[in-house]
Structure formats: C-alpha cells, structure tokens
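Undergrad: Spelled out from the first residue to the last, the chains are:
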Amino acid sequence: MKQFIAFIKKEFHHIFRDTWTMIILLILPVLMLILFGYALSTEVKNVRVAIYDPSKDSLSEEIVRRLESSEYFTLSKILDSPFQIEEEFRRGDTGLIVLFSDNFYSSILRGEAQIQLMADGSDPNSAVTATNYASAIIARVLSDRLPAGQNSTATSSRINITTNLIYNPEMKSSYNFVPGVMGMVIMLICAMMTSISIAREKESGTMEILLVSPMKPLLIILSKAVPYFVLSCINLLTILLFAVFLLEVPIAGSMAALLTVSLIYIFVSLSIGLLISSVASSQVMALLLSGMALMMPAMYLSGMMFPIENMPLALQWFAQIIPAKWYIVAAKNIMIKGLGFSSILRELAVLSVMALVLITVSLKRFKLRLE
Amino acid sequence: MLKYLIEKEFKQLRRNSFLPRMIIMFPLMILLFIPLAANFEVKNINLEIIDHDHSRLSGQLIQKVSSSGYFILSGMTENYDVAMKSIEMDRSDALLVIPSGFERKLLREHSADVNISANAVNGTKGALGTSYLSAIILDFTAELNSLGNNSGTGIIPSVEILPRYRFNPYLRYPVFMVPALMVMLLTMICGFLPALNIVGEKEKGTLEQINVTPVKRFTLILSKLIPYWIIGFVVLTLCFIIARVVYSLSPAGSLLTIYVFASVFILGISGFGLVISNYGKTLQQAMFMMFFFIITFIFLSGLYTPVSSMEQWAQYFSLFVPLRYMIEVLRQVYLKGSQFSDLLIQLLALSGFALFFNAWAILSYRKSE
Numbered sequence: 001m002k003q004f005i006a007f008i009k010k011e012f013h014h015i016f017r018d019t020w021t022m023i024i025l026l027i028l029p030v031l032m033l034i035l036f037g038y039a040l041s042t043e044v045k046n047v048r049v050a051i052y053d054p055s056k057d058s059l060s061e062e063i064v065r066r067l068e069s070s071e072y073f074t075l076s077k078i079l080d081s082p083f084q085i086e087e088e089f090r091r092g093d094t095g096l097i098v099l100f101s102d103n104f105y106s107s108i109l110r111g112e113a114q115i116q117l118m119a120d121g122s123d124p125n126s127a128v129t130a131t132n133y134a135s136a137i138i139a140r141v142l143s144d145r146l147p148a149g150q151n152s153t154a155t156s157s158r159i160n161i162t163t164n165l166i167y168n169p170e171m172k173s174s175y176n177f178v179p180g181v182m183g184m185v186i187m188l189i190c191a192m193m194t195s196i197s198i199a200r201e202k203e204s205g206t207m208e209i210l211l212v213s214p215m216k217p218l219l220i221i222l223s224k225a226v227p228y229f230v231l232s233c234i235n236l237l238t239i240l241l242f243a244v245f246l247l248e249v250p251i252a253g254s255m256a257a258l259l260t261v262s263l264i265y266i267f268v269s270l271s272i273g274l275l276i277s278s279v280a281s282s283q284v285m286a287l288l289l290s291g292m293a294l295m296m297p298a299m300y301l302s303g304m305m306f307p308i309e310n311m312p313l314a315l316q317w318f319a320q321i322i323p324a325k326w327y328i329v330a331a332k333n334i335m336i337k338g339l340g341f342s343s344i345l346r347e348l349a350v351l352s353v354m355a356l357v358l359i360t361v362s363l364k365r366f367k368l369r370l371e
Numbered sequence: 001m002l003k004y005l006i007e008k009e010f011k012q013l014r015r016n017s018f019l020p021r022m023i024i025m026f027p028l029m030i031l032l033f034i035p036l037a038a039n040f041e042v043k044n045i046n047l048e049i050i051d052h053d054h055s056r057l058s059g060q061l062i063q064k065v066s067s068s069g070y071f072i073l074s075g076m077t078e079n080y081d082v083a084m085k086s087i088e089m090d091r092s093d094a095l096l097v098i099p100s101g102f103e104r105k106l107l108r109e110h111s112a113d114v115n116i117s118a119n120a121v122n123g124t125k126g127a128l129g130t131s132y133l134s135a136i137i138l139d140f141t142a143e144l145n146s147l148g149n150n151s152g153t154g155i156i157p158s159v160e161i162l163p164r165y166r167f168n169p170y171l172r173y174p175v176f177m178v179p180a181l182m183v184m185l186l187t188m189i190c191g192f193l194p195a196l197n198i199v200g201e202k203e204k205g206t207l208e209q210i211n212v213t214p215v216k217r218f219t220l221i222l223s224k225l226i227p228y229w230i231i232g233f234v235v236l237t238l239c240f241i242i243a244r245v246v247y248s249l250s251p252a253g254s255l256l257t258i259y260v261f262a263s264v265f266i267l268g269i270s271g272f273g274l275v276i277s278n279y280g281k282t283l284q285q286a287m288f289m290m291f292f293f294i295i296t297f298i299f300l301s302g303l304y305t306p307v308s309s310m311e312q313w314a315q316y317f318s319l320f321v322p323l324r325y326m327i328e329v330l331r332q333v334y335l336k337g338s339q340f341s342d343l344l345i346q347l348l349a350l351s352g353f354a355l356f357f358n359a360w361a362i363l364s365y366r367k368s369e
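Chains as they are written, first to last, in full-length UniProt numbering: chain A, 1 to 371; chain B, 1 to 369.
By construction, these hints were calculated from the structure, which means they are not laboratory data.
You can trust all of the hints, since none of them are fake.
Lysine-lysine pairs mimicking DSS-like chemistry, simulated, CA-CA at most 30 Å apart:
no., chain 1, residue 1, chain 2, residue 2
1, B, K202, A, K9
2, A, K337, A, K172
3, A, K9, B, K204
These stretches of chain A come out as covered by chain B in the derived footprint (C-beta under 8 Å, 3 or more residues):
no., region
4, 196-209
5, 280-286
Positions of the beta carbon are idealized from the N, C-alpha and C atoms, including for glycine.
The following block holds chain A by itself, in its conformation from the complex:
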C-alpha cells in the first residue's frame, strides 16, 4: 500500500511539473463552457437583409422599417435592380433578400401583390428560420394595415393558442450545452490523458523499469489512473460552479444522483483510456486513437450538439454504445428537469455495465502485453 501511494505521488509529480499542461487541463473545461454558453448559439439573429423595393410606397416602407427594427435582421443594402441579387449573394454575407413586386400597394387590392423572400439556402437552418421570422413580421404588418377584407363579416373563428416552454422558458442554449460539455471534458481528461501518459512510458522505455519494480503491474497501471481521476473530479466541480454561478444553469434535481452518475461515468472514461493505452504503442498513436475513435463520435453522436433522433437509423444505433450519450441524458434529467434517482436508473445501469466490461477487457489485455 505504501508503495502504491508512492507511485501515485510520482504520477502527481509528473503532472504538476508540466505547468502548461496543468493550466490547460484546468482551463479547458471553463473555456469550453464559455464557448458553448456564449459563442455557440443555434438561435439565428442579426441576419443581413437586402431590399429591392421598386414602388417604395407607404406599406412596403412600413414593412422594411419593421424588419429593420427586429433583432433578427440588420438592413444591409437597398438594391436598385433585381440583377444585383446574384452579385449580392456571391460577394457578401447577405442572408436574405426581400423583393417587393412592382406597384406593390395598388396591386394588393387586386390580390396580385407579391413579396419574394429569397434566402441564402447554403445554411439551411438559418435560411428557414430567417424566412419564417420575416413572413411572421410581414403578416403582422399586413394584418395591422389592411382592412380585414371587405366582405368578411364577423364570422371568422379563432383558436387561441397558449404555449408553455417547460424546463427552459427563457430558451437558454446553455441548458442544452452544459451537460454536453461535462460529458466531453470528463472524457477528454480521463480517457485521452490516461491513455497518452501510459503510452508515453512505453515509448520512452520507462515502463520496463516500472515493471521490474516489486509492484504488481495492475497497481502500476492503476496508480497512473488515480491522478486523472482526481483531476476529473476537480474539473467536474469547476464546471458545476461555473455553470450554476456564471451561466445560471440550475442543478434542479438531486445532487447525490448527479455525483453518482458522474463518478460512474468517470470510471467508464478511465477504463477506455486504459484500453486505448493497451493497444497503442506510441503517444501519437494513442492520441490519434483517442481523438478519432473516441472524441469525434463523442462530440457528434452523443446528442450534445446535434439531436440523435435526426440521424440515420444506423448512426442512431451506433450512438447507443457511446457512454457520453447516456451520461448527457442523465445529467439533463437531473440538472435541468429536476428529476431524481428513479429517472436515471436505466442510464446508471448502462454506464455501470459499460464500466465493468471495459475495465475487465482492458486489464486482461494489459496482462497479456506484460508477459
């Protein structure tokens, strides 16, 4: 036991000696949190709009004014001719061009007026959202300004819709992203760092030296995992503190449940790290394996950024074997939805099984290699 503690101390020294890596390990989670919380927003706003309005009558100008004053749009240019459309799109970052038909106001009464909303469809999400917003604004101006139809007697019916956005009434994107960042950072520190630090000893030949020491090989490996376990716990706490106090993301549910599932997830990540380092013979290979086989899928298929239910079925199946996916669901249930232990039983079970299988396989593989 004494030896084991000495080994762990040595590993801690390894990490602390390398100030830069230390700093990055501690800052990276915070940085990711800030980037996700503030920079990445799937909301669409400040779309640059160009206008072609040949008639410039009071109604079309009213529409332009209302578009301009909305937070979604910034008026960038008034076009003189429809021939400028192509050039406008090709040169700049114009997202939407609003084209009024000739003699706009006078043709309304004949039911012939047209407004074309020409959006830059290269970004499908922005294009659809921008045209939706613009249509809604135009419809509102029209209903304010136009008589409700000369022939319409008061018989038109209405359905009043009340909406209620549960769990996240202010629609903060950080509610969606913070659990994702937690899943990501833990995976990064535990799996990637562990795998590389073991590969490093192999590459430099110092592993041999460690192995001839009287310590059991199993304990040597474990002693390398312990510091990263501790670091991950620190990171988990920093993330939670920043999330709650800076991004104002609540921990609405049971703290005990959140910590339990986080600890199990940390175990899963550590065992993945051990598994990778048992395969990789060099640091570069360990890095690429953990980067490609681990971080990429964890980033794209965990549901952290892109909804899993939109993916093709094969990828949806594949997403099920990604630990981060289960962890993120559990973290969302507890933090945002405010549910308790009973709501994450399935996630806890899946992650526990993953931890067991992974740790068994990776330790087995290690023994083979150490012959």
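Once you've looked at the hints, dock chain B against the given chain A.
TA: For chain B alone, coordinates are given in the frame of chain A:
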C-alpha cells in the same frame, strides 16, 4: 540541403506504420459520417395529445397535425400526469391539450383555446416545435373560415409571400457541412501533425543531431512545412473526390481558386502548429495546447453556427480565427461560385496569418537551449 531534409521527413513519415493510413482514413471517416450526424434540422417531433373534446373538429385538427410531416404521434391520453411523465422520460417532446367544449365554443363563440407545452431543454427545438404546431393550427382555422365564407364574393386584399432558397433549394444539410468539414480536416491534419513534429524529435533527441549541423533555421522550418503542404493537397483532392462521389457535390466556382486559397491556408495553419511545437517540451504538452486552440478555432469559425448569431465579443474574436476565412471561401466557391475578386478580404487575412505564424515559427526556433 533542403531537398535532403524534405526527403528525410518523407522517409520518417513512411516508416511510421500508422500516419499514412490515417491521412487517408481520417478524411474518409469524417466526410462519410459527420454530415449524416451534423444536422440542426428539427423534424420528427414526438407529440403527445390530450383530447378532452372527442369531437369531429378536434379529430380533424389531430388528423391535420399528424399528417403534417413534422410530428409523430407518440400517444393519446386523457391523463395529464401520464403525458408529463412521457415528456419527462423523453418519449415525447411536446404536448397538445384540446380542452372539452372545443368544437362547441369554436362553432358558437368563434373562439376556442388550445394549449401547447414543449420540452425546451433544447431551446431551439422547443421553440421551433411550438411554432410549427401553432402554424398548423392557424392554418386549420384559416381552412375553417374559408369553408364558412365560401359564399363571399369579391377579392380579399392579400399579399402572396413566397420563400425561395438560393444555392441549396432543397435545403440539404450536407451541402452546407461538407465544404466546411474539408477545412476542419485540413486543420486537423496540417495543424496537428506539424505541432507534434518538432516536439517529437526533441523528445527522441534527433533534433540535437540536426542542430549541430550548419542547417539554417529558415531552411529547417521550410523543410518541415513543405511535406504538410503536399499532404494537404492530397487530403484536399481526396475530399473533392468524396464530395463528388458521395454527395454529388462539385464546386460552382473553380477548383483552382480553392487550391490557391488552400495553399495559403495550409501554410498558415502548419506554421501555427510549428510555433506550438517550438514552445512545447513534450508531445503531450504540444498536443494539449493544439487541442485547446483548435477547439476554440472550430467553435468560433462558423462551422456549426453562424458567426453573426454569436455574442458581440465572440464575433470580434472570430476575426482572428484563420478557419473562419477559409470556411467562408470554401462555402462561397462551392455553393455560390464566387471568384477571386469576391474573396479579396479572405485572401488578405489568410496571407497575413501565414506570414505571421511562419515568421514566428522561424524566430522562435532555437538551435541551442
């Protein structure tokens, strides 16, 4: 001298069993799988319906909602708790409540209420789901009214609003993602590998042997740059082929424009990698620094979410992100057929980055400690 140094770099690369395979496999994997997953489109919203009315009209409304294509009916219940449980467990995303007396009130008083609740943990999805649902309900009302008013003569003053989508009329997500992913690939391969290069030689001790020779700093850095430049072109060409074969996507503009911009961009990002490599003491350190910067670059580049939607300070930051300009170039050339003259700002910015980082790489390289 340079020739031998470059020859040495290629020999080292070839001897490594893993790197050459990765240079081919990585683009394949990224371009085949990520565009399938990276999709912000909101569809297949699971909708739970509570219908207290059970009338002809409520039935018609439900029919209209479920045939709209956006919603999948996940369940019908009368019990609010059951419905909420279903949202809690993520079996459904939204809930439509039709109160009793819906049909009677709509026919007699011309006004009825419905309630929509949506799970907004993912804010965009919640908001878009409710707005789709509201639009369908409004449409339903309009149909009812036009049925009731079909005796009406005369023309209702109206404006036709026509949405059109240029460059990507079917709004396919891969069209948007694939060109930008090419930039991400170039960054990963031509940025990460140089960052690991010098530091790797440092750790192995082979750099010492070069340092005692009369090789100039400039020559040495150049010998490190050129191989990645060539690799970058190979990767890019591979990307073009995959985009063409898998997504039938070929640039509306000229490939030559892309190659010219890419040659400047690769120089810049490799130079950046070399700077990191110069400062790093161990592979692990260099790698994490690179990881740190590249994550920041990718998120601020507009690859996933438009730069114009970011907070103001993030928009200023993104001006210093080389990826941003290159992504603009690839998207513009691929989709809009932009030409050189449309992209002068980007060319200027990328050249600036290339000069800056490579000058720094040369200056920060020390032959002796």
